[in-house]
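J.: Residues per chain, in single letters:
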Amino acid sequence: MNIQHNESLRDKLASEYVLGTLIGGARRRLETWMKGDAALRRAVAEWQDRLVPMVEFATAVQPPPSIWSSISKRLDLQSPAKRKLAYWLSLRDDLSFWRGLGMVSTTAALIFLSVLMTRPAVNLPVTSFVAMLNDDNAQLIAVATGDAVKNQMTIKVVQPRVLAADKSLELWAITKDGKVRSVGLIDEQGSYLVALGDTTSPDVAPILAVTLEPKGGSGDPNKATGPILYKGAWVKI
Amino acid sequence: MLEPEQLKAWLVKVARKDAQAFRALYDASSPKLFGFALRILHKRELAEEVLQESFVSIWNNAATYQSSLAAPMTWMSTIVRNKAFDALRKTDQAVEIDNDSFDPAVMEALESSDPTPIEALQLSDDSKALAHCFARLEGLHRQAIALAFFHDLSHSEVAGQMKLPIGTVKTWVRRGLARLKTCLSPVEQA
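Residue numbers (the working numbering), protein chains in the order written: chain H, 1 to 237; chain X, 1001 to 1190.
Think of the hints as simulated: they come from the structure by calculation, not from any bench.
Cβ coordinates follow ideal geometry from the N, Cα and C atoms, glycine included.
It cannot be assumed that every hint is accurate.
Listed next, the in silico DSBU-like pairs over lysine-lysine satisfying Cα-Cα at most 35 Å (straight line) [unchecked claim]:
#	chain 1	residue 1	chain 2	residue 2
1	X	Lys-1043	X	Lys-1128
2	X	Lys-1181	H	Lys-236
3	X	Lys-1013	H	Lys-73
4	H	Lys-12	X	Lys-1017
Residues from chain H that face chain X, not an exhaustive set, calculated with beta carbons under 7 Å [stated by the list, open to error]:
#	residue
5	Thr-21
6	Val-52
7	Asp-203
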């Protein structure tokens, strides 16, 4: 059977394949054709999008909690090491996204730099790196400028936020392989000059993140305990 | 409720092995998917096993999910459907097939001449669009399509179940599907 040039037959076969009424040899033949025929695969995908929403016509039933426990155990989702690593690695993966925005961020950063420079109170270092720290809504919260020669950075909070009395903000540098190092505590407003170490310089640790911690910080320089409030990647300028 | 954009965002994170996003995806979609597996298999323990296997597969294959080819719920439902049909074939006991595959509230909304009850159902937009088109089909055509979809039945098995000649069933299924396609086409909906 030649289905190559018979559009309506192809569509009929695709629909019955998805519905399930195409069986036996006819079903296997269609699966073979699909491998070399992108248009046929698309016709099948379109029929899936049409018919599969029928799934929701069945009465929804809450599965027992034991199912999630089994899934989580089988995939080892509970292991704290795995969870932590995945968390920081996902930040690193975001880098490619930020690099895509590189030009935009750099331009925006330069505008902010000029704002910073017009303020005499800020002791501005020679800048070689800039990072824009955004919250989850892509709102700019703080701007960091890094000086690779003196290995220090300035961070300026441009969007002050109210912080509970028993909380602190802690700034972290994240290395390329997902290791986390505390840079220090910061206030919810103002700007600071912070010294960087060998493990926290922009070259080694390309991402900055600010987490919400108990008053005084997480207590462990290699481990944040609270959620990330804002984050950003260094851009070399 | 089951916003495709949200599900898609979670799937992208699951592809990067984000356990939190996986949990959110599970919480949002598992009641629908479990209900569907139960509808196919009728036996709770079989359906539980299928749901578990399906989510393990979703975790392992999220990176191959191509948003351009299918809606996220379609992609996940297809995994559950395939696994449920596999389980169905493996089981020795005959699984009960009833002619009402749909939730009673859905059934009632489809029979109503007023479109409001469909809008009130707890369904995604894709599913509501399909419901509006199903409502326009004749009841028996609808039943033939639902039997095949939910119970992995061939034309002759649907015919046996509905006690009708196979030729009639083939014609109804073909016409029903053609009408659904026209009804769901963007031109028709505009």
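J.: So, for every hint listed, does it hold in this structure?
T.: Going through the hints against the structure:
1. With a C-alpha separation of about 28 Å, the suggested pair Lys-1043 (chain X) and Lys-1128 (chain X) falls inside the 35 Å cut-off, and the hint holds.
2. The hinted pair formed by Lys-1181 (chain X) and Lys-236 (chain H) fails the criterion: a straight-line CA distance of about 53 Å is larger than 35 Å.
3. A hinted pair counts as satisfied when its Cα atoms are at most 35 Å apart, and Lys-1013 (chain X) with Lys-73 (chain H) qualifies at roughly 19 Å.
4. This hinted pair does not check out: Lys-12 (chain H) and Lys-1017 (chain X) have alpha carbons roughly 38 Å apart, beyond 35 Å.
5. At a threshold of 7 Å, the smallest CB-CB gap from Thr-21 (chain H) to chain X is about 5 Å, leaving the interface hint in force.
6. Interface hint at Val-52 (chain H): satisfied, since its Cβ lies 4 Å from the closest Cβ of chain X, which is below the 7 Å cut-off.
7. This hint is violated: Asp-203 (chain H) has a C-beta 25 Å from the nearest C-beta of chain X, more than the 7 Å allowed.
In the structure shown, a violation is registered for the earlier hints numbered 2, 4, 7, in ascending order.
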